[in-house]
Amino acid sequence: MQSFYPERFDRDMACTEADWLSWLPNAIGDNPWQLNGSSADLHIGKGKLALTWEKSEPRAIALMRMPRLLVSFGFSGLDEAQRYAFMKRFDLYMQRGGG
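At position 34 of the sequence shown the residue is numbered 39 (the numbering used here), and the sequence of numbers has no breaks.
Keep in mind that a hint or two might mislead.
The list that follows gives simulated cross-link-like pairs (lysine to any residue, SDA-like), each with its CA atoms no further than 20 angstroms apart [said to hold, decoys possible]: (1) K93 / E12; (2) K60 / S77; (3) K51 / R64; (4) K60 / F14; (5) K51 / W38; (6) K93 / N41; (7) K53 / F9; (8) K93 / A45; (9) K51 / N36; (10) K53 / M92; (11) K51 / E12; (12) K93 / S43; (13) K93 / D15; (14) K53 / A86; (15) K60 / A45; (16) K60 / S43; (17) K60 / D15; (18) K60 / N41; (19) K60 / C20; (20) K93 / N36; (21) K60 / A23; (22) K93 / F9; (23) K60 / A86; (24) K93 / W28; (25) K93 / Q7; (26) K60 / W25; (27) K53 / R13; (28) K60 / S44; (29) K53 / I33; (30) K60 / M71; (31) K93 / M18; (32) K51 / Q87; (33) K93 / A32; (34) K53 / R16; (35) K51 / L83; (36) K93 / P37; (37) K93 / L56; (38) K51 / R94; (39) K53 / M71; (40) K93 / L83.
Read the hints as simulated data drawn from the structure, not as lab findings. This one's a predicted model, so the numbers in the text were calculated from it and none came from an experiment.
Make the full structure from the sequences, and use the hints.
Spelled out as structure tokens, the structure:
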């Protein structure tokens with residue numbers, strides 16, 4: 006988790022689009038949202054978050070291949086504290102670990 010989230014940023018996610026779409030509802034909580042193909046519009050209080058994503062070539066490490074999804078985040082009408090509060094939950098739900 007980061008200590009600051011700007012209004013706009015991009016992420017390289019190690020997941021398939023199907024994974025992303027199955028995780029997204031829990032990650033965004035009770036915030037109303039609408040899915041539009043490869044994008045989603047969320048209402049967070051009086052502000053908004055526009056998410057867009059596109060599939061990318063898998064990441065190759067030796068013989069291992071990991072799926073990649075390039076995701077863009079665009080907040081509007083939310084201050085730094087509101088962005089942080091939303092992303093804290095979002096990142097915890099999207100976090101995957103191994104061991």
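Against the structure, the hints:
| no. | hint | in the structure |
| --- | --- | --- |
| 1 | K93 / E12 | holds, 15 angstroms |
| 2 | K60 / S77 | holds, 12 angstroms |
| 3 | K51 / R64 | violated, 37 angstroms |
| 4 | K60 / F14 | holds, 17 angstroms |
| 5 | K51 / W38 | holds, 13 angstroms |
| 6 | K93 / N41 | violated, 24 angstroms |
| 7 | K53 / F9 | holds, 17 angstroms |
| 8 | K93 / A45 | holds, 19 angstroms |
| 9 | K51 / N36 | holds, 11 angstroms |
| 10 | K53 / M92 | holds, 13 angstroms |
| 11 | K51 / E12 | holds, 15 angstroms |
| 12 | K93 / S43 | violated, 23 angstroms |
| 13 | K93 / D15 | holds, 16 angstroms |
| 14 | K53 / A86 | holds, 14 angstroms |
| 15 | K60 / A45 | holds, 15 angstroms |
| 16 | K60 / S43 | holds, 9 angstroms |
| 17 | K60 / D15 | holds, 13 angstroms |
| 18 | K60 / N41 | holds, 15 angstroms |
| 19 | K60 / C20 | holds, 9 angstroms |
| 20 | K93 / N36 | holds, 14 angstroms |
| 21 | K60 / A23 | holds, 11 angstroms |
| 22 | K93 / F9 | holds, 10 angstroms |
| 23 | K60 / A86 | violated, 30 angstroms |
| 24 | K93 / W28 | holds, 15 angstroms |
| 25 | K93 / Q7 | holds, 8 angstroms |
| 26 | K60 / W25 | holds, 11 angstroms |
| 27 | K53 / R13 | holds, 12 angstroms |
| 28 | K60 / S44 | holds, 12 angstroms |
| 29 | K53 / I33 | holds, 12 angstroms |
| 30 | K60 / M71 | holds, 12 angstroms |
| 31 | K93 / M18 | holds, 16 angstroms |
| 32 | K51 / Q87 | holds, 10 angstroms |
| 33 | K93 / A32 | holds, 10 angstroms |
| 34 | K53 / R16 | holds, 18 angstroms |
| 35 | K51 / L83 | holds, 8 angstroms |
| 36 | K93 / P37 | holds, 18 angstroms |
| 37 | K93 / L56 | holds, 16 angstroms |
| 38 | K51 / R94 | holds, 18 angstroms |
| 39 | K53 / M71 | violated, 31 angstroms |
| 40 | K93 / L83 | holds, 14 angstroms |
The structure does not agree with the numbered hints 3, 6, 12, 23, 39 stated previously, though it agrees with the rest.
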